[in-house]
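J.: Sequence:
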Amino acid sequence: MSISRMRAHTPAHHPDPEVDAAHGYITAVVEALGDRGIQVDRSWLDPKGPVDATVVTGDKALVWDEWTGCTFGLYVSGRQGERTVLADERRLGGGVLLPPAVLARLVETGSALPPATREPGARDGLFDALRDH
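Position in the sequence shown (first residue = 1) + 4 = the working numbering.
Some hints here could point you the wrong way.
[Said to hold, decoys possible] Taking lysine to aspartate or glutamate and the EDC-like style, the derived pairs with C-alpha atoms no more than 20 Å apart in a straight line are:
#1 64 x 86
#2 64 x 39
#3 52 x 86
#4 52 x 132
[To be verified] What follows is a list of derived Cβ distance ranges for each label pair:
#5 126 x 20: 13 to 21 Å
#6 41 x 131: 30 to 38 Å
#7 132 x 63: 33 to 41 Å
#8 132 x 92: 33 to 41 Å
Simulated from the structure, these hints should not be mistaken for laboratory data. We put the CB at the ideal spot given by N, CA and C, even for glycine.
All chains, full assembly: derive it from the sequences and hints.
T.: What follows is the structure, encoded as structure tokens:
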């Protein structure tokens, strides 16, 4: 896949700085999926409570949020500003900020890691880590 085509499917920046902090990480996830040959159709950042993002890959989608990490399943509905609905979803585990290449491998292989979540409002450096992407 060409880089210009791949970038067309990365999320747009979000006007809320806290939500937009996830932009670099989700962009890296989209690129890692592309590196694995997984076609990304579209992606977007979503509102707070929790901050989340959606990456649509054909009839499936990956949903990341700041509290539980990533969930993967059949894409039912969703768009920016509206929570994404999945069917037959499964949590990918491993924490809320898996390295993008690891996340792409889990999507590709259908495997998962043990769950690890974080509490709402945790002051654990997540947003600093997101901004580093």
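J.: Take the hints in turn and mark each one as holding or not.
T.: Hint-by-hint comparison with the structure:
1. Distance hint between residue 64 and residue 86 is fulfilled; the C-alpha atoms sit about 17 Å from each other, no more than 20 Å.
2. Of the pairs offered as hints, the one joining residue 64 and residue 39 holds, with about 18 Å between alpha carbons and a cut-off of 20 Å not exceeded.
3. At most 20 Å may separate the alpha-carbon atoms for a hinted pair to count; residue 52 and residue 86 meet this at roughly 11 Å.
4. Using a Cα cut-off of 20 Å, the hinted pair residue 52 and residue 132 holds, with the two alpha carbons roughly 16 Å apart.
5. For residue 126 and residue 20, the Cβ-Cβ distance of about 19 Å falls inside the hinted range of 13 to 21 Å, so the restraint holds.
6. Separation of residue 41 from residue 131 is about 31 Å and conforms to the stated range, judged on CB atoms against 30 to 38 Å.
7. Between residue 132 and residue 63 the beta carbon distance is about 35 Å. The supplied range of 33 to 41 Å therefore holds.
8. Our hint of 33 to 41 Å for residue 132 and residue 92 holds, since their Cβ atoms are close to 34 Å apart.
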